[in-house]
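Participant: Please take these sequences and the hints and turn them into a complete structure.
There are 2 protein chains.
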Amino acid sequence: MHHASDILFTLFVVFVAAQVGGEIAQRLKLPGVVGEIAAGCAIGPSLLGWITPEQIVTGTPLDVLAELGVILLLFAVGLETRLEDMKKVGKVAFVVGVVGVLVPFGMGSVWAHGNGLDWDRSLFVAAAFVATSAGITARVLQELNALQRIESKVILGAAVIDDVLAMLLLGIVVSLQGGGSVNASNLLLVLLGAVGFIAVIGWGGTRVMRWNSAWLDKPLSPHSPLMIVLALCLGLAWLSTLFGLAAIIGAFLAGMIASETRQQHTLEKQTRPLLALLTPFFFVVTGSKVDLHELASAEALWMLAVVTAIAIVSKFIGGWLGSISLGARSATIIGFGMVPRGEVGIVVATLGLAAGVFDNRIYAIIVAMSLLTAMVTPPILAWLLKRSDHATGVIERSGTGS
Amino acid sequence: MHHASDILFTLFVVFVAAQVGGEIAQRLKLPGVVGEIAAGCAIGPSLLGWITPEQIVTGTPLDVLAELGVILLLFAVGLETRLEDMKKVGKVAFVVGVVGVLVPFGMGSVWAHGNGLDWDRSLFVAAAFVATSAGITARVLQELNALQRIESKVILGAAVIDDVLAMLLLGIVVSLQGGGSVNASNLLLVLLGAVGFIAVIGWGGTRVMRWNSAWLDKPLSPHSPLMIVLALCLGLAWLSTLFGLAAIIGAFLAGMIASETRQQHTLEKQTRPLLALLTPFFFVVTGSKVDLHELASAEALWMLAVVTAIAIVSKFIGGWLGSISLGARSATIIGFGMVPRGEVGIVVATLGLAAGVFDNRIYAIIVAMSLLTAMVTPPILAWLLKRSDHATGVIERSGTGS
Chain D
123 MHHASDILFT
133 LFVVFVAAQV
143 GGEIAQRLKL
153 PGVVGEIAAG
163 CAIGPSLLGW
173 ITPEQIVTGT
183 PLDVLAELGV
193 ILLLFAVGLE
203 TRLEDMKKVG
213 KVAFVVGVVG
223 VLVPFGMGSV
233 WAHGNGLDWD
243 RSLFVAAAFV
253 ATSAGITARV
263 LQELNALQRI
273 ESKVILGAAV
283 IDDVLAMLLL
293 GIVVSLQGGG
303 SVNASNLLLV
313 LLGAVGFIAV
323 IGWGGTRVMR
333 WNSAWLDKPL
343 SPHSPLMIVL
353 ALCLGLAWLS
363 TLFGLAAIIG
373 AFLAGMIASE
383 TRQQHTLEKQ
393 TRPLLALLTP
403 FFFVVTGSKV
413 DLHELASAEA
423 LWMLAVVTAI
433 AIVSKFIGGW
443 LGSISLGARS
453 ATIIGFGMVP
463 RGEVGIVVAT
473 LGLAAGVFDN
483 RIYAIIVAMS
493 LLTAMVTPPI
503 LAWLLKRSDH
513 ATGVIERSGT
523 GS
Chain U
123 MHHASDILFT
133 LFVVFVAAQV
143 GGEIAQRLKL
153 PGVVGEIAAG
163 CAIGPSLLGW
173 ITPEQIVTGT
183 PLDVLAELGV
193 ILLLFAVGLE
203 TRLEDMKKVG
213 KVAFVVGVVG
223 VLVPFGMGSV
233 WAHGNGLDWD
243 RSLFVAAAFV
253 ATSAGITARV
263 LQELNALQRI
273 ESKVILGAAV
283 IDDVLAMLLL
293 GIVVSLQGGG
303 SVNASNLLLV
313 LLGAVGFIAV
323 IGWGGTRVMR
333 WNSAWLDKPL
343 SPHSPLMIVL
353 ALCLGLAWLS
363 TLFGLAAIIG
373 AFLAGMIASE
383 TRQQHTLEKQ
393 TRPLLALLTP
403 FFFVVTGSKV
413 DLHELASAEA
423 LWMLAVVTAI
433 AIVSKFIGGW
443 LGSISLGARS
453 ATIIGFGMVP
463 RGEVGIVVAT
473 LGLAAGVFDN
483 RIYAIIVAMS
493 LLTAMVTPPI
503 LAWLLKRSDH
513 ATGVIERSGT
523 GS
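Quick note, the sequences are listed as chains D and U, same order. The numbering of the first sequence is the working numbering, which starts it at 123 and goes up by one. The numbering of the second sequence is the working numbering, which starts it at 123 and goes up by one.
Treat the hints with care, as some may be off.
Which copy? The list can't say, so a pair holds if one copy fits it or any two copies do.
DSSO-like, lysine-lysine: derived pairs with alpha carbons at most 30 Å apart [stated by the list, open to error]:
#, residue 1, residue 2
1, Lys340, Lys210
2, Lys213, Lys151
3, Lys151, Lys209
4, Lys391, Lys209
5, Lys210, Lys151
6, Lys340, Lys151
7, Lys391, Lys210
8, Lys340, Lys508
9, Lys340, Lys213
10, Lys391, Lys340
11, Lys508, Lys210
12, Lys151, Lys508
13, Lys508, Lys209
14, Lys213, Lys508
What the hints contain is simulated information worked out from the structure, not anything from laboratory work.
Facilitator: This is the structure in structure tokens:
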């Protein structure tokens, strides 16, 4: 009669683990997100096994809750982001996005080729080095109330461009790997579709809201404006996947559109409990995906160290070079802000495993690299931001709590 | 690279359908929940097919979101319920719970036996008539800001007792159906376990919170008290399933415990966005479970009408008789408040189908009956409550919106 006992237990354990991990991290003066990821690693299949591998594959309830969590997180980040501010940093963000993709892709493929892979496979491996995970950085920026800084805008803008490029690159390496040739006009169409989607939604949506947002209060539901923007968030998240983009890009755009409404402040407050409930699932699930058994050899650990170093250094150089026009201090923050790979590297690794490009060990190493970049970045970023807090002009905004 | 496109589409469609359905219902002066259930029926497998039958079986993402939605709903209802108030209505609630189970069980089994089933099967069918779905009634009471009325306390208390008795009854009919005999000492143990769980958690938990709730603010997380009570909610929801109770009983107790804290008002506000996001999944999924094809004959419709009439009348009589000490007006509200069956009837029907007690048509009829009782009740309840608003003393509380 009373089903769903097991899944309730899992939800409970994941949620509590996230809270405990986050609390410990914060007591150690680390960002809470590091603790949540570490908690996921601890309760995941390779240590405690409270989450089984079957529970975190695509399409399971835990995976969907995690996806919903990161979607809402990027929606909330978008809510604190104005299109006007994004426009101001547009050029720098574009350069950071492009250079920040090219440098890791170049260094990654050279390294993979140097390790004996042919060029087609090397490019595939390199694709796993490319895409920044906006989720991790966004969460750190949010935890530190730093979303209004210019560096944050650049990072977020670059992450959007980054995702478009990563999608194209992945399309290229997958078709190369499949033995096909690259169809340039096809790729151009995909590129135009993605860019067009972002431009039309970003520009048109904010325009509509700025013109009139009173209609959001029309429905009789007491949750009225919130429901409509949540529907927008889910709708654009889904739509952006149709254009080959990550769901979080659509969610971010939805947030940015909603930030133009006069109910923006209420929406921000109402979104916080949603993040409190759902984002822990994302970070714990992310952490639980690393397979420590495959890494239990000196050779594997050494390879992991090299891969992680390349991933960090290459992305940092790309971001730093791209944003040096803002000064060395900002460029350093932006460079590190682009470092986390998180779920995107994991997705590439999964594709590579399925396509037979990677063996289990390279798969585990790439997943671990994604996690390591995600865990190393937040403390550095937190330290850099605090250090420059007094040096640069920060637009203060009302912050945590509700 | 970008997975989860299909499930995102489903989430979007379910969420939007709930909003559209709820809005239409409210424009027609009906409670929003009726529209949400109707929307589920419309987009479900038997009409539009935007939700497939595979998407709503136990353990799928949609099912888990629905479960989470109703858990949070009962948690929120618990947040507005004080143990002290429950104690005041304890006796009446107990009688309503017991009589409200016995009358439908008796009438249901007589009807089933009259239709040619042997007594063992008849008792199984009758079990589907028994359990009130607290979710539907709670939502209506909440929509109408009526949770502080004495009738609401009686209904909620009776729903808890109802669930304990329904669990016992189901245990009996399942073992009778399996050809076994009823083990009285075993049943007594189950009963003691369930009652003990409710008593210990309800009494002990509120005691602890009343004694000191300052520690809820101790964690460094900005979402601090909310996270802890959400963890409590998920934990007790899971724990109550271990005692054979519905997850919502544990969630309700968690809310009642949290209502004793000095952060109760903040928690209430923070819970609202969670309900706005997640409860629509519960009501839409509930609505989508009805199979209209099986009902497409005059005979089936007639049987449905009879079954629904028995379900409504028997529960109303039980609730009314049990609470007549509060006066006819209150007894009428309580009687109707106990009518909705919702998901519990569906669970019994599913068990019956699996055990071979029901064929597909009786299954469809029992599911449809559960839905009909859930859809018929809210308008009646809303009308009764509004009518008596001026007549009886209502403790006004700050209501909708945020």
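Participant: Does each hint hold? Answer for all of them.
Facilitator: Here is what the structure says about each hint:
Within a single copy, Lys340 and Lys210 get their C-alpha atoms no closer than 33 Å, and across copies no closer than 41 Å, so neither meets the 30 Å cut-off. Taking the closest pair of Cα atoms, Lys213 and Lys151 never come within 30 Å of each other, the shortest separation being 35 Å inside a single copy and 53 Å across copies. Proximity of Lys151 to Lys209 under the C-alpha cut-off of 30 Å is found in neither arrangement, the shortest distances being 34 Å within a copy and 46 Å between copies. Taking the closest pair of Cα atoms, Lys391 and Lys209 come within 30 Å of each other only inside a single copy of the chain (25 Å); across copies the shortest separation is 35 Å, beyond that limit.
Neither within a single protomer nor between protomers do Lys210 and Lys151 lie at most 30 Å apart by alpha-carbon distance, with minima of 33 Å and 48 Å respectively. With identical chains, the CA atoms of Lys340 and Lys151 are at most 30 Å apart between copies only, with a shortest distance of 16 Å across copies and 45 Å within one. In this homomeric assembly, Lys391 and Lys210 come within 30 Å of each other (Cα to Cα) only inside a single copy, at 26 Å, whereas the closest approach across copies is 36 Å. For the homomeric pair Lys340 and Lys508, the shortest alpha-carbon distance between copies (24 Å) is at most 30 Å, but the shortest distance inside one copy (43 Å) is not.
Neither within a single protomer nor between protomers do Lys340 and Lys213 lie at most 30 Å apart by alpha-carbon distance, with minima of 38 Å and 44 Å respectively. Taking identical chains as interchangeable, the C-alpha atoms of Lys391 and Lys340 lie at most 30 Å apart whether they share a chain (20 Å) or sit on different chains (21 Å). Taking identical chains as interchangeable, the C-alpha atoms of Lys508 and Lys210 lie at most 30 Å apart only when both belong to the same chain, with a minimum of 24 Å there against 55 Å between chains. In this assembly of identical chains, the alpha carbons of Lys151 and Lys508 lie at most 30 Å apart only when taken from the same copy (12 Å versus 54 Å across copies).
In the homo-oligomer, the alpha carbons of Lys508 and Lys209 lie at most 30 Å apart inside one protomer (26 Å), although the nearest pairing across protomers, at 53 Å, exceeds that limit. Taking identical chains as interchangeable, the C-alpha atoms of Lys213 and Lys508 lie at most 30 Å apart only when both belong to the same chain, with a minimum of 26 Å there against 60 Å between chains.
Going down the numbered hints, you'll see the structure goes against 1, 2, 3, 5 and 9, while the others check out.
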